[in-house]
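One line per chain: the protein sequences are A and B, in this order. Just so you know, we're using the working numbering here: the first sequence kicks off at 5 and counts up by one. Just so you know, we're using the working numbering here: the second sequence kicks off at 1167 and counts up by one.
Please note that a few of the clues may not be correct.
[Said to hold, decoys possible] Only pairs whose alpha carbons sit at most 20 Å apart, straight line, appear in this in silico SDA-like list of lysine to any residue:
#1 B:Lys1328 with B:Ser1268
#2 A:Lys146 with B:Gly1240
#3 A:Lys34 with A:Pro257
#4 A:Lys146 with B:Glu1192
#5 A:Lys144 with B:Arg1212
Hints are computed from structural coordinates only; laboratory data are not their basis. Just so we're clear, the structure is a prediction, and the values are computed from it rather than from any experiment.
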Amino acid sequence: MKVTQIDKAASERLSLKARWVWRETLKLHKRSQETRVASSLSPVEIFVVLYYGGFLRQNPQNPRWEDRDRCIISKGHGSLCMYPILADLGYFPLSELENICQKGGFLGGIPDPVIPGYETINGSLGHGVGVGAGMALGLKRKGKDQKIYVVTGDGELHEGSNWEAFMFAAQHKLENLVVLVDNNQISMLGPTDEIISHRNLAQKFEAFGWTPREVLDGHSVSAVGNALIECQHDPSGKPKVIIVSTRKGRGVPGLENAPLSHVTAIKPDLIDQLLEEEP
Amino acid sequence: MTPPPAQPLKAMRDTLLFSLYQAMLEDKEVFLVTADFGSPVIDKIRADCPDRFINVGIAEQNLINVSAGLALEGYKVFAYAIAPFITMRCYEQTRVNLALLSEVRPMNVNLIGVGAGYSYVVSGPTHQCYEDLAVMRALPNMHIYSPADQLLAAALPAQCLKNNGPKYLRLDAQVLPLLYGEKLPAIEDGFHSHRDGERVCLLATGYMVHTALAVADHFSAKGIPLGVIDLFDMHGYSEDKIHDILSRYQGVVTMEEGFRGRGGLDALVFDFITRREMDIQMLNIGVDGGYRFDLGSRSDLHEHVGIGTAAVVEKVERWLTRLNKNRS
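Working from the sequences, and respecting the hints, build out all of it.
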């Protein structure tokens, strides 16, 4: 089957947007140093492609629009980068970004669904796939065509609740469910491969009855976008997973792929320096 | 109260599920999700409503998460499993995706837990359930129903369908004697006063209402009338009405088939009388001594842990003596 690919113009547009989101994420972290920045820099392109690439049916003026596709951000702690995206799209005013983690604001260190655009409680890990599977089943029973996207971390996959949900989704042929794994391969205390290995993750998903795809460069918007396009045209009738290889703390010297980057803050001086170096 | 008319005795699980079955035939927005736990009525539901019956398998975490997802899509969901598993195996899923999330997004999820207290008599502590009232009460928006009667249990699905929010329905696994006849108590009151007494009222929930009535019979035969209240809604009961009744007493005895002093019914009543600044003494009857692996009848087990009829009679007698001394 011939499948459309992300074209050059779209790729350039999305890359520029991803760069802007990267910068804004650093600015947010400078304002609130308690935020989890390293795990928020690995999924930037995943979210940019989903939200700006035309994959997500959405209505920022009406975040709970019934016909929207649902995006569950299961790795909620690592989605600081979503704040500028949602503000830029009009879910809430850009000025809210100034109030991050401040009294009277609603953008917390870990996002909750009081933030327009967030569907569920996030950050406590291992919940998104199961809730998403329930939503996917509900929509399917109603004959609706909306999709459920769930973004998880790879460390998060250590939670057994995910695997209960993976089995369930395959059993019920939830072809409207797409999971994107931000596979940065580092959890809080080091490389996941040294903690509980995810080796052969794609084969694991396949054995669980899913259609897996792998994106080897998760910071390439066209690679992420093309995998999503393939999912849209996938005739298997199975739930789909895209394992997106990313780099935790991407683009920050000393943070990128550092084993203990999860709770490491970037000093404000370094953020200023990085932003000045940007073209 | 007039004696209840002849009714076939059934487990409250069966009467509740039959009401739910009838509701599912009428209302296509009602889902039943089970963690591989069944019953003859469940067989009817899966035969007649196959598109809205889901068995997630032995996977309680997913039971809650899938139920939450369905509810977010507008379905009214009943999740069904053995009581200790549906309350404690998946507690964080319940906390996050039902209790917390329902504060932001309306949802109607009802957890049916079968096997309150010692009702799985010979199955031991894994299947018995003495902590559920405490852990579910710890979630401030969790509505808890704890019926003591099959007809009251049968009335609960309609009540649950009318009201959004997370709810826990704590059901006994055994067939219990009837408490109510054709005329059920007002469910919105959340409690029913079975008997008026003079100085002391027994306030019980679930199976222990039956024990309370037996204890009251004992004292009544000795010329000491005790009040008996069945508190079947531990979240939405009418505070004013129960306050009016308790105000008439010098003492209240809480009776629960759960650990004493760990956050269950006794904590609920203590909080109530403290908040309402009531001048009333309290005696708490609940499971003493922690986990045990004893075998025997339910009544044997109850006597071992201090909640059987004889044990309660003895405790109440001693307490009444002390109350009398304090009064004189």
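Here's how the hints hold up against the structure:
1. A threshold of 20 Å between alpha carbons decides the hint, and for Lys1328 of chain B with Ser1268 of chain B the separation of about 16 Å falls inside it, so the pair holds.
2. Taken as a hint, the Lys146 of chain A and Gly1240 of chain B pair is honoured in the structure, with Cα atoms around 10 Å apart against an allowance of 20 Å.
3. Taking the CA atoms of Lys34 of chain A and Pro257 of chain A, the gap is near 16 Å; set against the 20 Å cutoff, the hint holds.
4. At most 20 Å may separate the alpha-carbon atoms for a hinted pair to count; Lys146 of chain A and Glu1192 of chain B meet this at roughly 17 Å.
5. This hinted pair checks out: Lys144 of chain A and Arg1212 of chain B have alpha carbons roughly 18 Å apart, not beyond 20 Å.
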